[in-house]
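Let chain F serve as the given structure and place chain R on it in line with the hints.
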Amino acid sequence: MGNIEFDFKPTVEVWDANASLGPRHDFKVSVDNAEQTLEEMDRLKIEKAIVYSPHSVGFDSNDGNNYLIDLIDSNKRLIPQFVFNPTWDNLEQFQEEIEKNQISSVRMTPGVHKYPFKNWIVKPWLSWLQESRIPLWIPLSYEFLGDESPVNPSELHETISQYPRLQVVISDVHYKFSWIFQFLEDLPNCHVEISQIIGTGAIEELIQRIGYERILFGSGFPENNIGRQLYSVHQSELEKNVLEAICYKNIQELLGYSQILK
Amino acid sequence: MSETKIIDFHCHLARWGRHRIDDLIDRYLRIMDLSGVDLACVNCIFFGNASIGNDIVASVVKETPDRFVPVAFVTPHYQNDVIGELERCFDELEAKFLKIYPTYYQHPVDDPGYEKIFKWCSDNKKTIMSHSSETFETNRPTLVDRYSNLADKFPGISWVMAHGATGDRRSIDEITEAVNKVPKLYVETAGSLDTFEGFETLVSNVGAKKILFGSDMPLFDARNQIARIITSKITEKEKKQILGENTIELLGLKNAEK
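Quick note, the sequences are listed as chains F and R, same order. This note's numbering numbers the first residue of the first sequence as 1 and each following residue consecutively. This note's numbering numbers the first residue of the second sequence as 1001 and each following residue consecutively.
Chain F extracted, bound-state conformation:
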C-alpha cells in the first residue's frame, strides 16, 4: 500500500483562517456550536480558528456578530471575525463594536450582499480599515441559496489596488477561478486562504509564484472538513518553516498575534 498515514495528525501548530460558527438558516450544519467545533479542532490538533457568523452573512451583520460573541463565550481558541455590509451597516457603530469586542479581522461578502465592489460604495470602510490596520477577508464563492452574485474580479482588483496598505485575504477561491494567480501576483497586499485551492499542484505553484508568506491554511469548516487541505499541505514536501508559515505563522502575523506572543 502507498505511503499513507491512516492516523494523520499535523506536525506543526495550526490555525484555521476560515471557519464559521453557528447555525445557518438554509441548511443544518453538522456542527453549530463552540463545544463541537472545539472537539473537531482537538481531533485534528487545530490550535485556533478564525470564525465568523453565517447569520451575519445571510441576514444581518449586527445580529450575527453579537450572536457570534455569545457563542464563543470568551473561549480564546475561537477568534471572532465580524462581517459588515457597507450598503446597510453604520460605520461608526461598527467601529465601536470592533473596539469593544477587540475584533482583529473583518469580512465583506459582496457576492451575497449584492453590491458592486467600487469606491463609491466601499471607500469609507476600506479607508478606515487601512488606517486601522485591520485585515479584511473577501470570500469569492460563498454559497447562499444559490442567490449570490459572482464577485467581479476586475472590480476587486481595481478597488483593492487603491488601498495598498490594506491587508486583504481572498478566501473560498473556487478551483474555476484560475485568474487568482495573476491577481495575487499583481496585488502584493493580498493574501490567499487555501481551502478551495485544490487543483493538482496548485499550492506548490502558488508558493512558486507569490512566495509562502501570503498563503494561509483555511478549511471552510463546518461546511467542509478541516482535514482535507491540512493533509494535502502536509504531503507537499514543504520545508518546515514554509509549512509553519502557511499553517499558523502567517495568520498570526496578519492578526498582530506575533507581536503579542513575543
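Check each hint, because a few of them may be wrong.
For lysine to aspartate or glutamate, the following EDC-like pairs were computed, each having C-alpha atoms within a straight-line distance of at most 16 Å [to be verified]:
1. K123(F) to E158(F)
2. K28(F) to D1168(R)
3. K1233(R) to E39(F)
4. K1005(R) to E5(F)
5. K1233(R) to E205(F)
6. K1237(R) to D7(F)
7. K1240(R) to D7(F)
8. K28(F) to E1197(R)
9. K176(F) to D1022(R)
10. K28(F) to D1173(R)
11. K1233(R) to D42(F)
12. K1233(R) to E5(F)
13. K1237(R) to E5(F)
14. K1240(R) to E5(F)
Listed next, the stretches of chain R that the computed footprint assigns to chain F, with coverage defined by at least 3 CB atoms under 8 Å from CB atoms of chain F [what the hints assert, rightly or not]:
15. 1009-1020
16. 1035-1041
17. 1063-1072
18. 1235-1243
If you only want the chain R side, here are some residues facing chain F, beta carbon under 8 Å, derived [unchecked claim]:
19. I1006
20. R1027
21. I1031
22. P1108
23. L1193
24. T1195
25. E1197
26. I1230
27. T1231
No lab work stands behind these hints, which were simulated from the structure alone. All residues carry an ideal CB built from backbone N, CA and C; glycine is no exception.
Here is chain R on its own, set in the frame of chain F:
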C-alpha cells in the same frame, strides 16, 4: 489487506487550459507518489473524436504500465463508431472499464442515445462510470428509478456514480437510497466540496464496500481528495476497502494484489 495497492478510480489525461490542467506525466507521478496512490485509472474525454483520447491513454499506459490502468471513452455523438471503438479499447488497449460523459452529450445517462453502448457493455459484463445527473436536466427521475431501470435493461453492467460519495448534504439521501436498492451500483469519492461528517454518514448508510476512491486528478489534487478518506472517522478496514480493495474486486485487477 495492508499489502493491497491504493487505486485512484477517477483520473484524466491530456490538457485543459481553462482549468490549468497540463499533461506532464512526471508531475502526475510525483503527485501520485506524494498522495500514496499506487495505480491511477486514466481516461481521456477531451476529444470529440474519442479514439484520439483513447490513443493518448494507451500511449501513457504503455510508457508506465505499472502505475496506470487504461479506461475507455466513447461518445454517442458518433453512433456508427462506438462498437468498433469499444472493441478496440477493451480487446487491444486492455481498458478495464468505460467512462462516459453525458455532460458533453447534453443528454442524461439514461438517454436512448447510449443504448447501443450499454448493450455491448452489458453483453460483455463491463463497468461504466458516469455522472448520475446533470445540471441541464429538468424533471429527472430519482436516482433509484434511473439506475433500477438501467440495471433491468442492462443487467451485465456494474455502474459507478462519479462524485457520488462526497457526502454532500444536498444529495446524500437520494444516493443512499439508490445504492442500497440497486445491487451493482457503486459511488466514487471525487469532488470539490463536501459536508462535515457527510462522508462518514454515507459510509454508514451504504457500507464501505460500495465506495471507490477517486480524485478526478488532475482537475483536483489527489492529496486533497485522498484526505477525504484518510482523515475521516471511519475504521482502518473501511479505509482500505475504499482506497483499493473494492476496485481490485470490481475490475478483477488480480495483478494489483501484492
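Status of each hint after checking the structure:
Simply put, K123(F) and E158(F) have alpha-carbon atoms about 12 Å apart, close enough for the 16 Å limit, and the pair holds. As the CA atoms of K28(F) and D1168(R) are separated by approximately 12 Å, the hinted pair is consistent with the 16 Å bound. Note on K1233(R) and E39(F): the hinted pairing holds, with a Cα-Cα distance of about 13 Å set against a maximum of 16 Å. For a cut-off of 16 Å, the pair hint linking K1005(R) to E5(F) stands: about 14 Å separates their Cα positions.
About 31 Å separates the Cα atoms of K1233(R) and E205(F), which puts this hinted pair outside 16 Å; it is violated. For the suggested pair K1237(R) and D7(F), the alpha carbons sit about 13 Å apart, so the restraint of at most 16 Å is met. In summary, the hint linking K1240(R) to D7(F) is supported, as the alpha carbons are separated by about 13 Å, within the 16 Å threshold. Restraint check for K28(F) and E1197(R): the C-alpha separation of about 12 Å stays at or below 16 Å, so the hint holds.
Note on K176(F) and D1022(R): the hinted pairing holds, with a Cα-Cα distance of about 15 Å set against a maximum of 16 Å. Between K28(F) and D1173(R) the alpha-carbon distance is near 14 Å, which keeps this suggested pair within the 16 Å criterion. With a CA separation close to 13 Å, the supplied pair K1233(R) and D42(F) stays within the 16 Å bound. The suggested pairing of K1233(R) with E5(F) holds, with an alpha-carbon distance near 14 Å, which does not exceed 16 Å.
A distance of roughly 14 Å separates the Cα atoms of K1237(R) and E5(F); the hinted pair therefore holds under the 16 Å criterion. In summary, the hint linking K1240(R) to E5(F) is supported, as the alpha carbons are separated by about 12 Å, within the 16 Å threshold. Counting residues of the stretch 1009-1020 of chain R whose beta carbon lies closer than 8 Å to any beta carbon of chain F gives 3, which reaches the threshold of three, so the coverage claim holds. Counting residues of the stretch 1035-1041 of chain R whose beta carbon lies closer than 8 Å to any beta carbon of chain F gives 4, which reaches the threshold of three, so the coverage claim holds.
Only when three residues or more bring their CB closer than 8 Å to a CB of chain F does the claim for the stretch 1063-1072 of chain R stand; here the count is 0, and the claim is violated. As drawn, the stretch 1235-1243 of chain R meets chain F at 4 residues by the rule of a beta-carbon pair under 8 Å; at three or more, the given contact holds. Taking 8 Å as the C-beta contact cut-off toward chain F, the hint placing I1006(R) at the interface holds, the least distance being around 4 Å. The beta carbon of R1027(R) is positioned within 8 Å of a beta carbon in chain F (closest approach about 6 Å), and the interface hint is therefore held.
For the restraint placing I1031(R) at the interface with chain F, the shortest Cβ-Cβ distance is roughly 6 Å, inside the 8 Å limit, so the hint holds. The beta carbon of P1108(R) comes no nearer than 21 Å to any beta carbon in chain F, farther than 8 Å, and the hint placing it at the interface is violated. Because the smallest distance between the Cβ of L1193(R) and any Cβ of chain F comes to about 7 Å, under 8 Å, the interface hint for this residue holds. Annotation: T1195(R) was flagged as interfacial toward chain F, and the flag holds, the nearest CB pair being 6 Å apart, inside 8 Å.
Of the supplied interface hints, the one on E1197(R) holds, with its beta-carbon coming within about 5 Å of a beta-carbon of chain F, less than 8 Å. Because the smallest distance between the Cβ of I1230(R) and any Cβ of chain F comes to about 6 Å, under 8 Å, the interface hint for this residue holds. With a least beta-carbon distance of about 3 Å to chain F, the hint placing T1231(R) at the interface is held under the 8 Å criterion.
Comparing the model with each earlier hint shows violations of hints 5, 17 and 22; every other hint is respected.
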